[in-house]
Amino acid sequence: MDDPVPRPRSPLADLFLAAQSAPPDDAAQVFVQSVPFVGQVAVRGRPDDPDFLNAVRRVAGIDLPLAAGVVAEAEACRAIWLGPDHWMMVTVEGHGPVLAADLREAFAGLFAAAIDVSGARMRSRLIGPAAADVLASGCRMDVTPANFGAGHAIQSPLGNVTAIIHCLSLEPPGDGLAYDLYIPRSQVLSFWRWLEHAGRPYRLSVRA
Amino acid sequence: MLLISCPWCGPRDETEFVYGEAAVERPADPASTTDAEWTDYLYFRDNPKGEHKELWFHRSGCHRWFVLERNTVTHAIAGAYPPKARPVTEDEA
Amino acid sequence: MNRQVWRTEAGGSGIDRGEPRSFTFNQWRLEGYAGDTVASALMANGVRLVGRSFKYHRPRGVFGIGAEEPNALLQIGTGARREPNTRATVQELYQDLLAQTQNHWPSLQFDLGSLVNAAGALFPAGFYYKTFVTNPKRWLWYEKHIRRMAGLGPPPSEPDPDHYAHSNAHCDLLIAGAGPAGLAAALVAGNAGARVILADENPALGGQLLLAPQQVDGQPGQEWAAAAHARLAAMPNVRVLTRTTVSGVYEHGHFALVERCTDHLAEPAPHLPRQRFWTVRARDAVFATGAIERPIAFANNDRPGVLLLSAVRGYLERYGVLAGRTAVLFANNDSVYNTARELAAAGMRIEAVVDPRPFVSEAAAQAKADRLHVLSGHAVVGARGWRSVRAAEVAPIDANGKVKGVTSVLACDLIGVSGGWNPAVHLHAQSRGSLAFRVDLAAFVPQSAGAPYQSAGAAAGVYDLAGCLQQGYAAGAVATRALGFEQADEPLAPPVISDPVGNAPAFWGVQASRGARCFLDLQNDVTTKDVSLAHRENYVSVEHLKRYTTLGMGTDQGKTSNVAGLALMASKRRQPLPTVGTTTFRPPYTPFTFNAMAGGRWREVGHPVRRTAVHDWHAANGAVWTDAAGWARPMYYETEGQAPQQRIDEEVLAVRQTVGVVDVSTLGKLDIQGPDAPEFLDRVYVNRFSNLKVGRGRYGVMLREDGRVFDDGVTMRLGPDHFHMTTTTNHAGAVFQFLEYLLQVVWPELRVFVTPVTEQWFAAALSGPNARAMLADLAPEVDVSNEALPMMGMAEGIVGGVPARIFRLSFSGEIAYEINVDADYGLSLWNVILAAGVAHDLKVYGTEAMGTLRIEKGHFTHAEADGRVTLGDLGLDTMISPAKDCIGKRSLSLPDLVAPGRKQMVGLIAEEGSHIPVGAQLGLNDDLETPQESQGHVTSHAYSATLGRHIALALVRDGLARHGERLYAVSPVMGERAAVEVVAPCFYDPEGGRQRG
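Chains as they are written, first to last, in the numbering used here: chain Z, 1 to 208; chain E, 1 to 93; chain Y, 1 to 997.
Keep in mind that the hints are not guaranteed to be accurate.
Below, computed lysine to aspartate or glutamate pairings styled on EDC-like, alpha-carbon distance capped at 16 Å [unchecked claim]:
1) Y:Lys884 - E:Asp29
2) Y:Lys889 - E:Glu37
3) Y:Lys889 - E:Asp35
Computed far set for chain E versus chain Z, every beta-carbon distance over 10 Å [unchecked claim]:
4) Trp8
5) Ala23
6) Arg26
7) Pro27
8) Asp29
9) Pro30
10) Leu42
11) Arg45
12) Pro48
13) Ser60
14) His63
15) Arg64
16) Asn71
17) Val73
18) Ala76
19) Ile77
Hint data in this document are derived by calculation from the structure and do not stem from the laboratory.
Glycine included, every Cβ here is placed at the ideal spot set by N, Cα and C.
All chains, please: the whole structure from these sequences, using the hints.
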């Protein structure tokens, strides 16, 4: 038996593949981008425990955000506030288990946890002038840029799923806002069906 | 649709939450309760017309339980605070 | 050739005469202009008859000019896009629009149903109640006839091909209605910097400014409105929504709006939604929804050609359409005099202005001086004509409204009626604002004290233009200041030229002569007599009146009729109108299609399907699906030419004889860690977990507080204070929520984190005699020997190149391993397993085979633990640790849980060749006819290929003591029965040697 090289697979792989050969829609006001796999680590700990916060700082070079809806950025990772004792750290593909192990080691003796959940959510990115409108068609939160700007993230129902929505500035600055959507893996195809529906008035287009 | 202020996340739509039940205290030592006391805890709830303290769970958000003081007639919300926490008074809010 | 013979030579601020639009009405091809509504275009073509009434099939014409229209309900479009009950007064005209009348047979002109009109006495108010209360069987005969005769348009039978959108919006101030008051409020709030949403149901802003010639600030009203619209549209903080109805008011500033995006377009771009349902959260709101003119009841006041006076005026002003050639105008207020002048100037002959007021107002005196034929102290008492008005019967009346002289007949083809106005208080009332009755207006107005939102303009009972503007500015300023915006300057209202208003004293109708019908509710064919009848029969409360007579029901919900009906009831009860009260105002303000509400949330868009990492493989290999808590799970794998049971048997036998693999990713998984995690699990599960060795697992059961079984599963100890809990697929969410409840509310002192990780893991269970050998091939670096990896042991290692957790546990009763990997690599692992399986006769199995295997082993699922069952009922009370407390334990000694006669789990085995009916009850005999006391019921059943017999699990009264007894599984519903033997629940390898081996 050949020992195949294991490859990760996204439920959206076929959709993005098909989109590559589709002609671009010049009138599209919103695009969804395929984003490569990312490392994701669930970090648990008490926000009033300085040893815990220091341990995260030591390992990841990041100050965990302590306020709801805030995202902290470091060179190789970011931390999204999910709850008063719950963060999601996002890192590069394949690095999730490593980061989780490093954090676990640093958490020795503390009441804290780091769990690799890199496969639990799929990320896709929404860009374009109507991106916020598409979000507003499925999210009860006020996601207009004035209220929900770059550096903020919420976990909230979006269309037919519960999503983590992270707003970030595109590079170079001034290129507008982008929204990273983290969708539970098992529901990502159903979410996609909703996204196609919600994006239709804005001619949602797939950008591979 | 109610607008509920999660003590951690701020105002969110009712659809993000699930109603748990009335905010009643679980007996600290169930074994020492009489059958009547225990079944009272299990099954009997007030059904007030007016102010009601209840537990809600922020299922689609931060996964926290909290106490909501809601008027069952008007839906006016007098407060939302963590379980076993002292209600925040208006001056402090 | 222009056939629009009722169109004036010039004028009509809302139409574009350079843009003709042809359309089809029934079999006729007609022409109108861009900017027309279907109603105005029909009237321009002289079309009078636009429908038949609901009950009596009387001919009906256009009555109003907007959302209040009770009569002109048409079907628009064809096929799947046919929309019934569309108000012609709201539907905008587009090229090739298709409009059809409804509720007539065989044709609009000749409707056999109108024979009901002659037989009207057969259909009094309360007809259904009276006819069917004594003999309900009559309904069976009557129903199909009534359903054909009474009713509005039929819905299309095909699925709706259109696209509907949802939007959520947030604002500081929502303003409903963009007439003068709404525009004024929006300008103030917008200028102050508040986020404003201004919504109006019409295509253009301006409200009444568009429907009568008036001047604001030296400009014609519609130009002032257009300029205000332009200013608002230029403000980034203001969103103007036209063609949008504020439909519902809910708690905490939640409003529902419906926007008609493309209903006015001949060929909308395919990407555009037809309608958009807006959910708005507003910190505050102003209702500037205007007022609705009300008719006056007189005999045959439903004839085509009887219109609301403001509609007659509006059709001329907005659309350049004359509603008739010769008019009698009948109004209890001064708006009629300017209207008469405008109509006369446009070429209409004004036969008379009939003013029932017992005095001559200043405006009336001026009109007389201008040689208008004014009949003060008179009333129109009847209309003549059938398909169109031919004359008005006019008589002098006394101060009480009683006819006191000779009736004269005035030939005319139009009767314009105004009985005053009712403020559109719907949104105010929906918001739980109360109403006050103002005698001078004879109308209910919003009670402002204590109301959650302000009403402004005509909606608040202010009918003069200057007052509307002033109140709009004031409402905008009050709201904006209350919202914390500093510079909310309230401008002075600009100078206006408008109608004198004068009071509209109560005048609801005239006494009908015998046999004639005076209609209150045109849409539901409710007459003054029906209200009188309801009163005689003691249906005197307004809510009873509504249900008994259908007054105020239907698509218009009595917008023009309600108050008059209530006034009549009040006079019958000899009580003041406010005492009688109003019916409850409920959303929606106007009807809208269900699809707008659904917004595309049907099928998978509405009900997301959860898919495992190898879903596509299952689908490609014949999976027949079942739903498990939202997950799509394969029941079995179909092959052409094989019966489902044959497939399931093969899958079962593979597990018993070689090896099978099943996708078990759907089980709930919780990561539980923290110094108090062992203690926490001891308190949650009935059995102990604190003494579990690291690297080992244990099957646990948790109870609800009331002692019933809640959930079960295997929990592995990954480290001293780290556990991996599995829950059932169904209860994954509920268990997580309950554990968080315990940690946050009940025992906040425990230091434990519970993190859901179901989505992280793909899991495949290998089970069967060959499973160990196969795992050895898959994971050559892992010691899979019984010593190194015993039952309830675990190992970590590389499987198929992927880091995996291997749990040894068994649901099937065979040697079994559950291999867990990061779900991203699930398909990769699955393919490796299948490739390795070739050498071991591996077969993939689904939930049916899994169910059969567990029934053979006597394992319960939620079919047995149905929320009423205790561990004792399942024969498992030895699991309960006596040395510690746990959730639900206190309840186990409650009298009901220890009483004899509880249903307990047993196995059932059928005689060879017979099967156990689905949903069977268990009885002492197999008599299907005679009721007998149930001994219990079948909870799960299967054909066991292993045993060659049909077997089942069942809950049987005192079942634990009844092994060996013969019972009968009977299903009176299916007409089936089978003799069964009660046995211990485990049918296969009760000692468990196979799974431990």
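Contradicted hints - numbers only: The structure breaks hints 4, 13, 14 and 15; every other hint is satisfied.
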